[in-house]
Amino acid sequence: IILPDGGCRQGDLEALAANMPNNTRALIHGHPDSGGLCFFVMEGTREGVWQKLAMHRWSSTPKVETDTAVHFDAQVARESDQLRTVGGLENWGLDRIDQRNDNLDDVFEPMSKTGGSGVDVYVMDTGIRTSHTEFGGRAVPKLETFEGESKECKNTDEDCAEDAQGHGTYCAAIVGGKNAGVAPQATLHAVKVHDGTNGTAKSLYLAFDWLLSQDLPVASTVFSMSLNLGDVVIFPPSLRSALTETYDRGITTVLASGNHGSSFGGWVLHDKTAAAIQVGAVGKKDKEWESNGKRYDILAPGVGVQSAWITEEESVWDNKKPGFVLQVVPSDTGKKTFDGTSAAAPHVAGAAALLLSEAKSRDEAFSPAAVKKTLMKHGSDFCKGKIACHDKRVMLYIGRQDKYNYEINWMQEAEWARPGATKRSGSNTLPPWGTYEADKDVHLVLR
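Per this note's numbering: the sequence shown = residues 12 to 458.
Simulated from the structure, these hints should not be mistaken for laboratory data. Any given hint might turn out to be false.
Claimed, not checked - Each pair of labels, with its calculated beta carbon distance range: (1) Lys165 - Asp117: 38 to 46 Å; (2) Thr77 - Thr255: 41 to 49 Å; (3) Asp329 - Lys189: 45 to 53 Å; (4) Lys384 - Leu337: 47 to 55 Å; (5) Glu58 - Asp170: 40 to 48 Å; (6) Asp170 - Ser45: 35 to 43 Å; (7) Leu38 - Asn330: 26 to 34 Å; (8) Leu38 - Arg68: 19 to 27 Å.
Don't be surprised by glycine CBs; every beta carbon is placed ideally from N, CA and C.
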């Protein structure tokens with residue numbers, strides 16, 4: 012993967028694809044003229060790559076990296092953690108994130124009643140079984156990139172970006188399923204970057220390139236990724252630049268921190284960059300997941316979390332026995348329980364969707380930095396009362412009251428976004444309703 016420094020034009024990338032050295036070939040490139048990313052991917056030996064680089068004049072030294080395998084972050088929960096319906100809530104995590112401690116009350120009452128309506132969440136994973144009853148028609152196929160090219164899906168094509176593994180469906184339902192989801196009215200878009208066996212950084216980079224070229228409504232868009240890079244030591248420059256570009260465009264991105272314990276792995280951006288919200292996992296009774304990635308911004312439920320699945324066991328008659336046997340069959344009602352940051356990150360993506368939806372309903376908007384700041388500011392103190400917990404750690408909280416039981420102003424970091432309206436001079440916050448006069452303090456927001 013070759014990244015020209017300082018940006019490029021479409022013609023520059025097309026020129027790179029011409030006159031390839033022997034035993035090399037051009038694969039794909041970005042679409043910067045359409046708003047996509049500046050990158051070029053070729054196949055060849057190390058010598059072939061150096062030869063290709065020497066054939067062009069560069070204004071500055073380009074970044075070059077090898078493609079990296081991508082993995083998903085979940086494992087089947089231990090039997091002791093296998094949870095079923097808890098007081099009417101299929102996902103205990105919902106019960107945990109709307110209150111300050113682990114004394115669950117079997118109710119989910121988040122800060123917003125919008126349910127994430129009007130927000131689009133792009134789940135970059137193994138696809139989504141869009142026909143699953145958890146989604147009620149709100150999950151749509153969007154894009155496939157796992158085969159090395161971008162294939163746009165028609166909304167009615169259930170075979171496109173179809174989930175044959177289950178991980179993407181599981182994560183999507185935690186974001187916005189009607190029973191397991193934090194934001195049950197959000198629209199979920201299946202972006203298939205992994206087929207359950209194979210997936211690479213190149214597939215993700217293609218997805219970012221395509222999505223960023225679509226002129227998405229940034230104030231109501233979230234990217235959610237429960238994938239990781241294994242035990243990489245250096246975070247790939249291509250994905251760092253993709254995340255930074257997404258952040259600069261005004262889109263909120265949520266990442267699983269990885270299940271590699273103290274090793275440098277997963278999506279961990281080692282400087283805890285503001286370009287994304289990185290999530291670690293906790294279990295019931297607020298026990299931190301022992302395999303959390305080395306660094307994260309916020310913790311969320313991720314152990315023993317039940318969500319949607321693409322199959323279920325069915326009892327069928329076997330004439331050879333004879334007798335009934337269990338058989339795994341495709342299902343639109345299947346469920347499964349997993350441990351890992353794969354389950355934790357979608358809780359935060361759903362919380363971000365609630366914030367953006369509530370802001371949108373008030374003609375306001377959040378930047379990615381404001382989303383992160385708000386969730387971190389109002390999150391619970393995870394270490395409170397824990398003897399062996401020394402660092403400041405924040406637990407996701409999306410309820411209505413602060414620690415003193417006062418109503419939280421969740422919109423404090425939002426910005427006024429009504430067309431034709433401007434922010435008042437000298438005002439740090441804006442009331443949710445009313446008529447505003449235009450003044451010289453013109454406030455530009457991304458829509």
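query = Quick one: are Lys384 and Leu337 within 47 to 55 Å, going by C-beta?
reply = Holds - the Cβ-Cβ distance for Lys384 and Leu337, about 49 Å, lies within 47 to 55 Å.
query = Using the C-beta atoms of Thr77 and Thr255, is the stated range 41 to 49 Å upheld?
reply = violated, 21 Å
message = Range first: 40 to 48 Å. Now tell me if the beta carbons of Glu58 and Asp170 are that far apart.
response = Distance hint for Glu58, Asp170 holds at roughly 41 Å.
task = Starting from the hint 35 to 43 Å, judge whether the C-beta atoms of Asp170 and Ser45 obey it.
result = violated, 26 Å
message = Taking 38 to 46 Å as the stated bounds, is the beta-carbon spacing between Lys165 and Asp117 within them?
response = holds, 41 Å
inquiry  = Against the range 45 to 53 Å, how does the distance between the Cβ atoms of Asp329 and Lys189 compare: consistent or not?
reply    = violated, 35 Å
request  = Using the beta carbons of Leu38 and Arg68, state whether their distance is inside 19 to 27 Å or not.
outcome  = holds, 22 Å
query = Taking the beta carbons of Leu38 and Asn330, is their distance inside 26 to 34 Å?
reply = About 51 Å separates the Cβ atoms of Leu38 and Asn330, which means 26 to 34 Å is violated.
Comparing the model with each earlier hint shows violations of hints 2, 3, 6 and 7; every other hint is respected.
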